[in-house]
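Asker: The primary structure of each chain is shown beneath.
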Amino acid sequence: MTRETLFNLAVLAGLVALPLYAHLADEPFTITLATRAVILSLAAVGLNMALGIGGLVSLGHAVFFGIGGYAMGILAFHAQNYMPLMETPFLIEGTKSMPLIWLAAVVASALAALVIGLLSLRTSGVYFIMITLAFGQMFYYFAISWSAYGGEDGMSIYVRNGFPGLNTLVPIQFYGLCLAALVLALGFNGALARSRFGLALNAARQVPERVRAVGLDPFRLRLVAFTISGAITGLAGALFADLNRFVSPTMFSWQLSGEFIVFIIIGGTARLFGPVVGACLFVVLEHYIGGWSDYWHIWFGLLLLGIVLFGRGGVIGLIAGKARAHG
Amino acid sequence: MTTTLILEQFLNGLQSGIMLFLMAAGLTLIFGVMGLINLAHGSLYMVGAFCAATAAAATGSFALGLVAALAGAAAAGALIELVVIRRLYDRDHLDQVLATFALILIFSEGTRWVFGSFPLYLDVPEALSGPVTLPGGIQYPLYRLTLILAGLAVAVGLFWLIARTRIGVQIRAGENDREMIAALGVDIDRLYTFIFALGAALAGLAGALVGAIQSVQVGMGEPVLILAFVTIVIGGIGSIKGALVGALLVGLTDTLGSVFLPELFKLFMAPAAATQTGASLSSMAIYILMAVVLIWRPTGLFGARA
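Residue numbers (my numbering), protein chains in the order written: chain A, 1 to 327; chain B, 328 to 633.
Read the hints as simulated data drawn from the structure, not as lab findings. Just so it is clear, the structure is predicted and the values come from calculations on it, not from any experiment. Note that CB positions come from ideal geometry on N, CA and C, so glycine has one too. A hint or two may mislead.
[Said to hold, decoys possible] Output of the computed footprint for chain B on chain A, the stretches with three or more beta carbons under 8 Å from beta carbons of chain B: (1) 120-129; (2) 136-142; (3) 145-159; (4) 257-265.
[As the list claims (entries may be wrong)] Not close to chain B: a few residues of chain A, all C-beta gaps over 10 Å, as computed: (5) Thr-2; (6) Tyr-21; (7) Leu-24; (8) Pro-84; (9) Thr-168; (10) Val-170; (11) Val-308.
Kindly generate the complete structure, drawing on both the sequences and the hints.
Answerer: The structure is reproduced here in structure tokens:
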């Protein structure tokens with residue numbers, strides 16, 4: 001077992017033990033904080049499938065997060081107002097059931113990722129960064145102008161959606177759901193990285209010419225990775241909306257897209273648990289430095305600058321040593 | 328729908344396009360020569376606006392405000408080039424994105440620390456306020472007209488600088504082969520700092536000029552930054568000519584779209600629904616424009632390389 005695997009297991013144990021302790025000590029706020037960290041981790045794990053393996057620096061992943069959020073918001077909004085979503089050609093009702101909402105969130109964000117990917121993956125490098133950023137802004141402005149669903153003010157969902165067999169209003173139960181989703185996504189990510197698809201995608205990042213020479217199409221590999229990546233980030237968006245019981249255009253904001261990348265880098269690029277460590281550290285810092293100084297973004301910015309300029313490899317690189325030759 | 332309205336909106340689009348050009352020119356120059364993607368360019372726009380508002384409030388002179396904007400933004404640009412940006416030229420785009428994202432956080436939060444969260448106001452100078460009558464009897468704000476002319480003058484100056492001067496030769500040579508011009512005795516470090524400061528000064532100037540018709544506040548730079556990205560993606564990264572054409576296209580599409588799309592939809596829809604659909608579509612118009620250009624030419628209208 002490598003040091004990285006040990007460290008990952010320790011992180012996972014912490015994510016199980018800490019909220020359980022908070023539950024026993026009756027500190028619901030700590031559980032909410034942990035839920036937030038886990039959901040943001042999930043969003044960044046989604047991005048990491050495109051960025052970590054495929055080298056696709058998407059600065060627009062908040063699009064999928066927002067679409068997931070709005071999928072939840074729209075379905076629950078129609079359900080709470082007893083208003084069908086669509087009557088012709090066939091009736092679609094709103095719903096308060098999490099599994100259905102998740103399905104809608106995953107499908108909608110995967111479709112969006114497919115379309116955005118088809119357009120933006122025609123380019124690479126700095127063009128790709130700018131184009132994904134621009135599409136993010138497009139969705140942001142669209143959400144603002146979409147007054148049927150709250151426009152700029154967003155919309156509130158009064159009661160958290162339900163999951164069969166669980167009471168999602170109990171913080172620890174909702175946390176368990178989110179953690180389960182994260183663990184599943186991490187398992188999927190690990191399996192994907194080792195699969196033939198993952199190896200080909202990794203090769204397409206390093207030497208696209210050789211991949212093309214053996215008869216694979218880098219564009220299609222990247223498009224599939226980008227679509228899967230968007231779908232997982234979309235699922236995180238639906239959970240995030242359920243955590244806050246509120247969706248607004250800020251879920252599409254480009255700052256959020258930037259933060260997702262930041263999570264991955266703080267944790268360690270091309271590490272399975274990189275996004276998890278980064279997101280948890282971010283939430284902890286936001287809570288503690290934010291409580292101590294109103295201007296916590298300055299300190300966070302300086303920390304980030306330090307990590308980018310001097311501390312390559314992120315937190316996991318610091319603790320577990322250098323990454324294997326291919327991550 | 329009168330000709331006057333159409334012309335007026337056309338001029339508005341021209342004005343916002345030409346201001347966008349000032350932003351996009353710096354970005355595209357910095358990318359073309361140094362290969363750097365700079366997210367903090369919007370922060371330099373904000374720095375220019377705040378310098379102008381502070382100096383104009385202290386001295387009562389708009390001209391001194393503009394000087395302060397140019398000087399302040401150029402100084403901030405040179406400073407971050409020397410301290411941070413210089414270390415990023417050899418790094419991949421991911422590191423550049425992150426480091427300049429960190430700079431945005433520091434600049435925005437630092438400005439909020441010093442000036443507070445409330446917007447500052449920068450007044451249009453007395454001599455340029457009020458409308459002017461154009462040929463054809465159209466009333467148009469003199470200040471906006473001045474912006475168009477000033478922006479065009481800067482654009483001409485920039486083209487002249489790059490095409491006709493010694494420093495312009497070095498900039499163009501730097502785009503092609505940095506080792507070669509370093510070997511020929513050009514101080515490449517100084518050239519890079521100069522280009523970065525030049526781009527920063529252009530962004531600061533745009534911030535100050537636009538700041539007088541909008542409010543000067545923290546976070547004003549980022550929407551413009553993203554528009555500038557759309558502009559240079561359309562025009563082709565690294566091309567100043569592309570930046571000009573792209574900026575005018577984006578400025579006109581954005582302005583004309585938000586006025587005329589709702590009107591267009593009213594022709595065949597109920598007024599409320601038309602306003603709604605038109606507003607939604609016009610907020611997306613420039614991105615649709617970008618997507619169309621990308622399908623047609625993935626490297627932009629004037630871009631040579633991917």
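Asker: Against this structure, judge whether each hint is valid.
Answerer: Now for the hints, and whether the structure bears them out:
no. : hint    : in the structure
1   : 120-129 : holds (count 8)
2   : 136-142 : holds (count 4)
3   : 145-159 : holds (count 4)
4   : 257-265 : holds (count 4)
5   : Thr-2   : holds (25 Å)
6   : Tyr-21  : holds (32 Å)
7   : Leu-24  : holds (37 Å)
8   : Pro-84  : holds (19 Å)
9   : Thr-168 : holds (33 Å)
10  : Val-170 : holds (36 Å)
11  : Val-308 : violated (5 Å)
Of the numbered hints listed earlier, the single one contradicted by the structure is hint 11.
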